[in-house]
Amino acid sequence: MKIFKSKNSNHEATISTAALPDIIFMLLFFFMVTTVLRKSDENLKYKIPTAEQIKQIEKKSLITQISIGIPKEVEKFGTEPRIEADGKLIEIKDIVPFIMMEKDKLPTYNRDQIIVLLKADEEVPMGIITDVTQELRKANARRIIYGANWKSDENR
Amino acid sequence: MRSTKRKKVEINSSSMADIAFLLLIFFLVTTTIQTNKGLSATLPPHSDEPQTAKFHDRNIYKVHINSSDRIMVEDAPFEGFEKLHAEVKLFILNNGENPDLSDNPKDAIVSLQMNRGTHYKRFIEVMDALQGVYYEIYGERIGITAANFDRSI
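Sequences listed follow chains C and X, in order.
Each number in our numbering comes from the position in the first sequence (counting from 1) with 659 added on.
Each number in our numbering comes from the position in the second sequence (counting from 1) with 594 added on.
The set of hints was computed from the structure by calculation and includes no laboratory data.
C-beta atoms are modelled at their ideal positions from N, C-alpha and C, and glycine is treated no differently.
Mixed in with the good hints there might be a few duds.
[Stated by the list, open to error] As a list, the in silico DSS-like pairs of lysine-lysine whose alpha-carbon atoms are at most 25 angstroms apart:
(1) C:LYS778 <-> C:LYS718
(2) X:LYS715 <-> C:LYS810
(3) C:LYS764 <-> C:LYS778
(4) X:LYS601 <-> C:LYS810
(5) X:LYS683 <-> C:LYS731
(6) C:LYS718 <-> C:LYS762
(7) C:LYS706 <-> X:LYS715
(8) C:LYS735 <-> C:LYS764
(9) C:LYS810 <-> C:LYS762
(10) X:LYS677 <-> C:LYS810
(11) C:LYS797 <-> C:LYS752
(12) C:LYS735 <-> C:LYS706
(13) X:LYS677 <-> C:LYS778
(14) C:LYS719 <-> C:LYS735
(15) X:LYS715 <-> C:LYS704
(16) C:LYS731 <-> C:LYS797
(17) C:LYS762 <-> C:LYS719
[Unchecked claim] Take a look, some chain C residues computed to stay more than 12 angstroms from chain X by CB distance:
(18) LYS704
(19) LYS714
(20) LYS719
(21) LYS735
(22) ASP745
(23) GLU750
(24) PRO756
(25) PHE757
(26) LYS762
(27) ASP763
(28) TYR768
Go ahead and model the full structure; you've got the sequences and the hints to work with.
The structure is reproduced here in structure tokens:
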């Protein structure tokens, strides 16, 4: 019985790449699904503080972000901390209309569950943050998250 | 007689992987991983006039932060930030033992006040410490550590 093939058989050794498109498509779909298209914060720079009692928000659709920081273009917008929402610099009085607009985007059944993610620079004074939270109370968007990153254990 | 052997008709799909790769790279580049985490808080409902409510002084633990980020606890300057956690826990879980501390955990209120000039970093630091006490207490009630307490919203 012949078990081993003869050495002179010229079989070409190839790796089957038939499954490659499928794998790539799977990765592609993963990134397509996880990508959230939204305007990034172009105008402000901020370094968010660190904390230990961090909570993670699972319901991403409910989140509206408001950021507070120092403008990148200092000569144009000054060095005072400014508020940014949806890629635009806004004033304190614009917060209530902005939140109302964001609430309208949500489905009716969870319109009141809107979560506002406040991302503020470490060095910003509390005055401006309190002003923003007072406006959020007026807009009845009372669930807020003070954006913070995990504090690593060695910094304790 | 017709031959039963027919040539299989195929669409050349060797470039499929390339197209998919291109799309994949596009999405990889445009994706920004969002950080949706932080300290949670619920604001009180809006009202035009300031709200007043009567609480016994022993049930309120006052924490003030001034504009130079110094802490005052119960109207006295407080040194040693790392001691705050233990002090607050003692206050909440007093259950009427010490006449200066709370009656019971349900009535205990931790009040945090800050100046307009207080830096956000300091506020987060103190808020973090105060929330840590509560998570630890909630955790102990159901027999887990604060670190294992469920933090998802």
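Okay, the hints, checked on the actual structure:
1. Taking the CA atoms of LYS778 of chain C and LYS718 of chain C, the gap is about 18 angstroms. The hint holds against a cut of 25 angstroms.
2. Between the alpha carbons of LYS715 of chain X and LYS810 of chain C the distance comes to roughly 13 angstroms, so the proposed pair stays at or under 25 angstroms and holds.
3. Between LYS764 of chain C and LYS778 of chain C the CA atoms are separated by roughly 21 angstroms; this keeps the pair inside 25 angstroms, and the hint holds.
4. Proximity of LYS601 of chain X to LYS810 of chain C is assessed by CA-CA distance (about 65 angstroms); at most 25 angstroms being required, the pair is judged violated.
5. Of the supplied pair hints, the one linking LYS683 of chain X and LYS731 of chain C is violated, its CA atoms being roughly 42 angstroms apart against a limit of 25 angstroms.
6. As the CA atoms of LYS718 of chain C and LYS762 of chain C are separated by approximately 15 angstroms, the hinted pair is consistent with the 25 angstroms bound.
7. For the proposed pair LYS706 of chain C and LYS715 of chain X, the alpha carbon gap of about 10 angstroms is at most 25 angstroms, so the pair holds.
8. Straight-line distance between C-alpha atoms of LYS735 of chain C and LYS764 of chain C comes to about 32 angstroms, which puts the hinted pair past the 25 angstroms bound.
9. A distance of roughly 32 angstroms separates the Cα atoms of LYS810 of chain C and LYS762 of chain C; the hinted pair therefore is violated under the 25 angstroms criterion.
10. About 19 angstroms separates the Cα atoms of LYS677 of chain X and LYS810 of chain C, which keeps this hinted pair within 25 angstroms; it holds.
11. Between LYS797 of chain C and LYS752 of chain C the CA atoms are separated by roughly 11 angstroms; this keeps the pair inside 25 angstroms, and the hint holds.
12. For the proposed pair LYS735 of chain C and LYS706 of chain C, the alpha carbon gap of about 21 angstroms is at most 25 angstroms, so the pair holds.
13. Pair hint LYS677 of chain X plus LYS778 of chain C does not hold up; C-alpha atoms about 28 angstroms apart against a cutoff of 25 angstroms.
14. Simply put, LYS719 of chain C and LYS735 of chain C have alpha-carbon atoms about 33 angstroms apart, too far for the 25 angstroms limit, and the pair is violated.
15. At roughly 15 angstroms between alpha-carbon atoms, LYS715 of chain X and LYS704 of chain C fall within 25 angstroms of each other, so this suggested pair holds.
16. A threshold of 25 angstroms between alpha carbons decides the hint, and for LYS731 of chain C with LYS797 of chain C the separation of about 29 angstroms lies outside it, so the pair is violated.
17. Distance check on the hinted pair: LYS762 of chain C and LYS719 of chain C sit about 14 angstroms apart at the alpha-carbon level, within 25 angstroms; holds.
18. No beta-carbon of chain X is positioned within 12 angstroms of the beta-carbon of LYS704 of chain C; the least distance is around 14 angstroms.
19. Under the 12 angstroms C-beta cut-off, the non-interface status given to LYS714 of chain C relative to chain X is violated; the minimum distance is some 4 angstroms.
20. With a closest Cβ-Cβ approach of about 6 angstroms to chain X, LYS719 of chain C is found to fall inside the 12 angstroms limit, against its non-interface label.
21. Every CB of chain X lies more than 12 angstroms from the CB of LYS735 of chain C, the least distance being 24 angstroms, so the non-interface label holds.
22. Taking the minimum C-beta to C-beta distance to chain X, about 15 angstroms, the non-interface status of ASP745 of chain C holds against the 12 angstroms cut.
23. Interface exclusion of GLU750 of chain C from chain X stands, the closest Cβ pair being 18 angstroms apart, more than 12 angstroms.
24. With a closest Cβ-Cβ approach of about 15 angstroms to chain X, PRO756 of chain C is found to remain outside the 12 angstroms limit, as its non-interface label requires.
25. Look at PHE757 of chain C: its CB is around 16 angstroms from the nearest CB on chain X, clear of 12 angstroms, so calling it non-interface holds up.
26. Once the 12 angstroms rule is applied to beta carbons, LYS762 of chain C is consistent with being away from chain X; the minimum gap is 15 angstroms.
27. Every Cβ of chain X is farther than 12 angstroms from the Cβ of ASP763 of chain C; the closest lies at roughly 19 angstroms, confirming the non-interface assignment.
28. Every C-beta of chain X lies more than 12 angstroms from that of TYR768 of chain C, the closest at about 17 angstroms, which supports listing it as non-interface.
Of the numbered hints listed earlier, those contradicted by the structure are 4, 5, 8, 9, 13, 14, 16, 19 and 20.
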